[in-house]
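From first to last, the protein sequence lines are chains L and Z. With my numbering as the guide, the letters of the first sequence map in order to residues 85 to 197. With my numbering as the guide, the letters of the second sequence map in order to residues 5 to 121.
Simulated from the structure, these hints should not be mistaken for laboratory data. The model shown is predicted, which means the values in this text are computed figures rather than measured ones. There's no promise every hint is true.
Calculated Cβ distances over 10 Å to all of chain L for the following chain Z residues [as the list claims (entries may be wrong)]:
# : residue
1 : Arg26
2 : Pro74
3 : Asp89
4 : Pro114
Cβ pair distances, simulated, as ranges [unchecked claim]:
# : chain 1 : residue 1 : chain 2 : residue 2 : range
5 : L       : Lys140    : Z       : Lys17     : 42 to 50 Å
6 : Z       : Thr9      : L       : Gly113    : 32 to 40 Å
7 : Z       : Gly32     : L       : Glu92     : 18 to 26 Å
Every residue gets a Cβ at the ideal spot worked out from N, C-alpha and C, and that includes glycine.
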Amino acid sequence: GDSVTQMEGPVTLSEEAFLTINCTYTATGYPSLFWYVQYPGEGLQLLLKATKADDKGSNKGFEATYRKETTSFHLEKGSVQVSDSAVYFCALLPTGGSYIPTFGRGTSLIVHP
Amino acid sequence: ETGVTQSPTHLIKTRGQQVTLRCSSQSGHNTVSWYQQALGQGPQFIFQYYREEENGRGNFPPRFSGLQFPNYSSELNVNALELDDSALYLCASSPHVGSGGRPDTQYFGPGTRLTVL
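My request is simple: use the sequences and hints to build the entire structure.
Here is the structure:
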């Protein structure tokens with residue numbers, strides 16, 4: 085079945101550092117890929133998405149590129165802020181069959197001033 | 005535009021009881037999905053409703069059931085509660101798009117925190 089693997093957290097960075105959170109997936113066909121962010125005590129917020137190979141999703145300084153050849157969708161940000169501290173989830177949505185979404189386990193990001 | 009709303013925010017039940025959680029979808033969205041998120045884990049797909057019918061189900065027992073109403077709002081019912089049912093329950097709505105009617109990007113509500121004692 086489909087699966088999403090994220091790097092283990094927590095990821096701890098100083099403010100203005102460069103961020104990478106790795107995400108790889110296993111799926112048949114060409115799923116849509118997503119990054120969601122969850123702040124403490126809240127639901128998930130859509131951060132960005134990409135629907136086909138080589139697409140780049142971007143939002144609020146975050147970027148991720150859909151790499152079909154490496155089945156990856158790594159999240160990056162050039163300069164993190166304390167307010168970026170949250171849990172980040174990578175997810176895929178199949179484009180055929182059952183359309184059942186699959187989420188990764190989440191990666192906690194802690195940004196220190 | 006109103007986002008996805010869920011009620012109640014928090015709930016405490018005891019083992020063996022039954023619970024009903026409610027979700028109102030975002031305006032224009034006709035598909036609702038429910039997820040269970042245990043502490044420190046990613047959301048696990050329970051089921052999805054489209055046009056008032058179940059349209060996909062994850063690996064959850066039959067005591068997890070749901071409904072979707074004509075206005076696209078939805079309920080999640082859990083019977084015979086177990087301690088392991090303690091979790092954050094998330095509802096997500098999405099529009100159906102394309103000739104194949106597949107669901108598009110999901111937008112989540114704030115969740116209902118269920119504690120089973």
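Against the structure, the hints:
{"no.": "1", "hint": "Arg26", "in the structure": "14 Å, holds"}
{"no.": "2", "hint": "Pro74", "in the structure": "22 Å, holds"}
{"no.": "3", "hint": "Asp89", "in the structure": "18 Å, holds"}
{"no.": "4", "hint": "Pro114", "in the structure": "4 Å, violated"}
{"no.": "5", "hint": "Lys140/L x Lys17/Z: 42 to 50 Å", "in the structure": "45 Å, holds"}
{"no.": "6", "hint": "Thr9/Z x Gly113/L: 32 to 40 Å", "in the structure": "33 Å, holds"}
{"no.": "7", "hint": "Gly32/Z x Glu92/L: 18 to 26 Å", "in the structure": "38 Å, violated"}
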